[in-house]
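**Q** Each chain, written out:
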Amino acid sequence: MIGSPLLDVANLSVTFGSGPAAVRAAVGVSFTLEAGRTLCLVGESGSGKSVTALAVMGLHGKGAHVAADRLALAGESLTGVSPARLAAIRGREISMIFQNPMSSLNPAFTIGYQIAEAIRLHEAVDKAAARRRALDMLEHVRIPDARRHLDSYPHALSGGMRQRAMVAMALACRPKILIADEPTTALDVTVQAQILDLIETLQREFATAVLLITHDLGVVAEMADEVAVMYAGRIVEKGPAAALFDAPAHPYTEGLLAAVPDHRSARKERLSEIPGNVPVVNREIPGCAFAPRCARARPVCAERSPRLEAIAAGRASACLRRAEIEAERAGHVLPCREDRHA
Amino acid sequence: MAPAPASGPGLATTVPAPRRVAFRRPGAAVIAGVAVLGTLVVIAVVAPLLIHDYVSINTGARLLPPGSEHWFGTDHLGRDIFDRTMVGSRNSLVVGACVALATTLLGVLFGLVAGYFRVVDSVLMRAMDGMMAIPGVLLAIALVSLLGGGLWTVIVAITVPEVPRTARLVRSVVLTLRELPFVTAAISVGTSTPKILLTHILPNAVGALTVQATYVCASAIIAEAVLSFLGVGTPPDIPSWGNVMAVGRQYFQLAPWIIGFPGVLLSVLVLAINTLGDSLRDRLDPHLARRSGL
Amino acid sequence: MPEAVAVLEVEDVVRHYGPPRRPVRAVDGISLTIRPGETVALVGESGCGKSTLARVILRLEPPTHGRIRLDGEDITELSGAALRDRRRLAQMVFQDPYASLDPRMTVEAIVREPLDNYRVGAPEERRICVAALLRRVGLVEEFAERFPHELSGGQRQRVGIARALALQPKIIIADEPVSALDVSIRAQVINLLMDIQRELGVAMLFVSHDIGVVAHLSHRICVMYLGRMMETGPTETIIRRPQHPYTRALLDAIPVSHPSLRRPRRLLEGTPPSPSNPPQGCRFHPRCGFAQACCRSAMPELRSLGGGTSVACHLAPLADASSTQGDHVQ
Numbered sequence: 002m003i004g005s006p007l008l009d010v011a012n013l014s015v016t017f018g019s020g021p022a023a024v025r026a027a028v029g030v031s032f033t034l035e036a037g038r039t040l041c042l043v044g045e046s047g048s049g050k051s052v053t054a055l056a057v058m059g060l061h062g063k064g065a066h067v068a069a070d071r072l073a074l075a076g077e078s079l080t081g082v083s084p085a086r087l088a089a090i091r092g093r094e095i096s097m098i099f100q101n102p103m104s105s106l107n108p109a110f111t112i113g114y115q116i117a118e119a120i121r122l123h124e125a126v127d128k129a130a131a132r133r134r135a136l137d138m139l140e141h142v143r144i145p146d147a148r149r150h151l152d153s154y155p156h157a158l159s160g161g162m163r164q165r166a167m168v169a170m171a172l173a174c175r176p177k178i179l180i181a182d183e184p185t186t187a188l189d190v191t192v193q194a195q196i197l198d199l200i201e202t203l204q205r206e207f208a209t210a211v212l213l214i215t216h217d218l219g220v221v222a223e224m225a226d227e228v229a230v231m232y233a234g235r236i237v238e239k240g241p242a243a244a245l246f247d248a249p250a251h252p253y254t255e256g257l258l259a260a261v262p263d264h265r266s267a268r269k270e271r272l273s274e275i276p277g278n279v280p281v282v283n284r285e286i287p288g289c290a291f292a293p294r295c296a297r298a299r300p301v302c303a304e305r306s307p308r309l310e311a312i313a314a315g316r317a318s319a320c321l322r323r324a325e326i327e328a329e330r331a332g333h334v335l336p337c338r339e340d341r342h343a
Numbered sequence: 212m213a214p215a216p217a218s219g220p221g222l223a224t225t226v227p228a229p230r231r232v233a234f235r236r237p238g239a240a241v242i243a244g245v246a247v248l249g250t251l252v253v254i255a256v257v258a259p260l261l262i263h264d265y266v267s268i269n270t271g272a273r274l275l276p277p278g279s280e281h282w283f284g285t286d287h288l289g290r291d292i293f294d295r296t297m298v299g300s301r302n303s304l305v306v307g308a309c310v311a312l313a314t315t316l317l318g319v320l321f322g323l324v325a326g327y328f329r330v331v332d333s334v335l336m337r338a339m340d341g342m343m344a345i346p347g348v349l350l351a352i353a354l355v356s357l358l359g360g361g362l363w364t365v366i367v368a369i370t371v372p373e374v375p376r377t378a379r380l381v382r383s384v385v386l387t388l389r390e391l392p393f394v395t396a397a398i399s400v401g402t403s404t405p406k407i408l409l410t411h412i413l414p415n416a417v418g419a420l421t422v423q424a425t426y427v428c429a430s431a432i433i434a435e436a437v438l439s440f441l442g443v444g445t446p447p448d449i450p451s452w453g454n455v456m457a458v459g460r461q462y463f464q465l466a467p468w469i470i471g472f473p474g475v476l477l478s479v480l481v482l483a484i485n486t487l488g489d490s491l492r493d494r495l496d497p498h499l500a501r502r503s504g505l
Numbered sequence: 478m479p480e481a482v483a484v485l486e487v488e489d490v491v492r493h494y495g496p497p498r499r500p501v502r503a504v505d506g507i508s509l510t511i512r513p514g515e516t517v518a519l520v521g522e523s524g525c526g527k528s529t530l531a532r533v534i535l536r537l538e539p540p541t542h543g544r545i546r547l548d549g550e551d552i553t554e555l556s557g558a559a560l561r562d563r564r565r566l567a568q569m570v571f572q573d574p575y576a577s578l579d580p581r582m583t584v585e586a587i588v589r590e591p592l593d594n595y596r597v598g599a600p601e602e603r604r605i606c607v608a609a610l611l612r613r614v615g616l617v618e619e620f621a622e623r624f625p626h627e628l629s630g631g632q633r634q635r636v637g638i639a640r641a642l643a644l645q646p647k648i649i650i651a652d653e654p655v656s657a658l659d660v661s662i663r664a665q666v667i668n669l670l671m672d673i674q675r676e677l678g679v680a681m682l683f684v685s686h687d688i689g690v691v692a693h694l695s696h697r698i699c700v701m702y703l704g705r706m707m708e709t710g711p712t713e714t715i716i717r718r719p720q721h722p723y724t725r726a727l728l729d730a731i732p733v734s735h736p737s738l739r740r741p742r743r744l745l746e747g748t749p750p751s752p753s754n755p756p757q758g759c760r761f762h763p764r765c766g767f768a769q770a771c772c773r774s775a776m777p778e779l780r781s782l783g784g785g786t787s788v789a790c791h792l793a794p795l796a797d798a799s800s801t802q803g804d805h806v807q
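Chains as they are written, first to last, in the numbering used here: chain X, 2 to 343; chain F, 212 to 505; chain S, 478 to 807.
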């Protein structure tokens, strides 16, 4: 790859509070995002996926302390940059959409006005031009009767339409990156499919990179080029989507994939479950954070903290027993092959 | 291969829950509030037993400034302000406590009924609106002229306009709570309506109510002082902070201590009660308690 | 078909809100029957009336019209003590594990409440019964003294299930019981519900928007749209050979399970109209790709296609039903 990636995050940490009571919401998170690609950050509640995204946007609150070895957008570092520059980057270079479009749209202004304002914030265009662009965006996100909805207030729109309006606003300035934080979680399945399709279409059209944050592995399977699985503030596995779904390297990923009921196999067996609870990251967990719930854990897992290590083409996993597990798997497969040959 | 499925009960939940957050150290403001309130309660109980002569007139000692003989000075009739203020604290506290209690009891009754039973809601709440529209001072004047001045007249006069406020609060809490799934759950496991009101709704309203009660108490103490100040409260032979200050009004330029000492005590007491109310609100709210328990 | 008395019979139940002249038709003529030990799933998008129907079945709301029979007895007109007595046969599990437990009660008090209400056994026996119930849902005894805020979401949902089991109901009505839970916890609770159902033979009405979960644990599926039943039948049939265009759209909208299965999306356009002003004719026709003139004028009745499947569509059985089959069955 020539030049630096579009978004380059290395060793990002987000800490709330200080001293022994500090909550380390994200620890040593590293990833890169290339233009036009989709990276999915997957995790359950408290995994640090949203915190990571907010830190990238510089939208973490005052209480959070963000540290990173590298946090760069198209080669320009975002750490230590002036608030004014950051504000200029937000919306123009990176924009974000959220789970609840109602609370991210201002109920006091019309949709058209809010989109036009977002454009005028970053570009020197007059009101009429901005309004034309807003209308154009609404048509782009396929809001029916866009001209009328330009003057609608957010409450007059359905959930799906509001999310479309949010997408229109986020993409109005043709940002290089769209961060979508659980954009379809509050929506019905048929509407979810519409929004995912919309994001994909616009991504292709504008060559936008998408950082998609979700807990839903189905959404990941639909959208992701690359996947990073987070658990208790750390990335435990990352890699190309197909490879990761084919053969998850980390026991947590493996467990998650196995725990999702699939309607296509209408069987009435027990689902395989991950025992225990989702951890609350309010204290340092010695060793691997997943060890208490891991079926493959050995005593060593509770002592040493695993590092994210490269395994194969673009893949990495943070598991102390990775090599053994792989050997185990290979052991399972090999005899079968011999059988078949015999 | 998938990890071995967890089999058998218990396995999924072997992680023990954290212990409940125990006693939390109160802040300095709360300690100060408790100290102030405690001291004044002791004074209110003890002072009338120790100090008997707070009415006799001593023309030789009129309008004396604070000194070693009279700590808080004397009024225009030569009465000791310290004695009158100390004895008067009983009046203020009794009024505050009685009004808070009466208001809470009546407010809970009306609020629960109005909030849970839709049928009587509008009738009851309109009646409450009517009560709210009666100005306390006018009611006090009317009651004093009907029944004569006295402590109970003051309590009734202050309680009547306060009840609707508490009732409204209780009603709004009930309206919120009754829609929550745990109330629906109680209905579906066969809990009777009175039991739902007493075991599910009222305990969850206690926090808001306690806080409200402290505010009512504080404002009742002020209202008593105001009524006495205006001459429609406690009669002059029973000292209260209000009527001590009422006297001081005429001599404010000559003898500011008459109005000053009871005034300062009144402010301190109200501040202490409000501080306690605020800290109670923080403590009684289970969500806040959980957050700080992290 | 077994001859056993149906645990639950819902007959043409209607629930309207607001002014009778222009009501919100939350539930508009639903009939369904659940036999002992059977799990029936009620599937639909938000606003289809599935949760309202669940509340009406439990008589938490009165039906505007129709009959509800619980274990053979008509409970439509019951009230007061008689209703309370009948209610113990149908218990509910709620969506939100946070809001469905009284924050001021201990786990023991929560699970014990139904036993106290119906005076089940002697007071000291109830304690033992609570411990047994907690064990049954996979909670160790120490949880009895805990308060809900000390528990995780999954543990709370287990407490909610224990409470629902306390009165040994004939049917459990579960309203989105896993949709608020984390993915790794969801499987635990689904397994628990299935185990309990198998062991105790209790019937279950499972209300959900997630057809994946529903397909996994139900015997039969009822698909609702705008207060009407669109299709009902054995789970296997519905999943593999959906007859109603809406059922198909629902299945098409489910995300794939593996990136290699991505296909061009067949999108259902638009959003459901308001139940206060439902379209003429078939409720689904404005969004239906197959709609014809008859769909716009006449409301299709639910009719049987054999094999236990019934569909409310003028065009069923759809001609190209088999061609889409490949997409629904891997």
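Keep in mind that the hints were calculated from the coordinates and are not lab data.
In this text, a Cβ means the ideal position worked out from N, Cα and C, and glycines have one as well.
Check each hint, because a few of them may be wrong.
[To be verified] Facing chain X, according to a computed beta carbon distance under 8 Å, are these residues of chain S, among others:
1) D659
2) S661
3) I662
4) A664
5) I667
6) H686
7) I688
8) G689
9) I716
10) L727
11) V733
12) R742
13) L744
14) T748
15) M776
16) R780
**Q** Against each hint, give a clear statement of whether it holds in the structure.
**A** The hints, checked one at a time:
1. Nearest Cβ of chain X to the Cβ of S/D659: about 4 Å, under the 8 Å cut. The hint holds.
2. About 4 Å separates the beta-carbon of S/S661 from the nearest beta-carbon of chain X, less than 8 Å, and the hint is met.
3. Given hint, S/I662 at the interface with chain X, holds; its Cβ is 7 Å from that chain's nearest Cβ, closer than 8 Å.
4. Proximity of S/A664 to chain X holds as hinted, the smallest CB-CB distance being about 4 Å (cut-off 8 Å).
5. Annotation: interface hint on S/I667 holds; nearest CB of chain X at approximately 6 Å, less than 8 Å.
6. Interface restraint check: S/H686 against chain X, minimum CB-CB distance 6 Å, threshold 8 Å, status holds.
7. For S/I688, the interface hint holds, the least distance from its beta-carbon to any beta-carbon of chain X being 6 Å, beneath 8 Å.
8. Hint on S/G689 holds. Least Cβ distance to chain X is approximately 4 Å, under the 8 Å limit.
9. A distance limit of 8 Å between C-beta atoms decides the matter here; for S/I716 the minimum to chain X is near 5 Å, and the interface restraint holds.
10. A distance limit of 8 Å between C-beta atoms decides the matter here; for S/L727 the minimum to chain X is near 6 Å, and the interface restraint holds.
11. Hint status for S/V733 relative to chain X: holds, with the closest Cβ pair at about 5 Å, below 8 Å.
12. Annotation: interface hint on S/R742 holds; nearest CB of chain X at approximately 5 Å, less than 8 Å.
13. Because the closest C-beta pair between S/L744 and chain X is about 5 Å apart, less than 8 Å, the hint holds.
14. A least Cβ separation of about 5 Å between S/T748 and chain X falls short of the 8 Å threshold, and the interface hint therefore holds.
15. A cut of 8 Å between beta carbons decides the hint on S/M776: the least distance to chain X is about 21 Å, and the hint is violated.
16. At its closest, the beta carbon of S/R780 sits 24 Å from a beta carbon of chain X; the interface hint therefore is violated under the 8 Å criterion.
In summary, the structure is inconsistent with hints 15 and 16 from the numbered list given earlier, while agreeing with the others.
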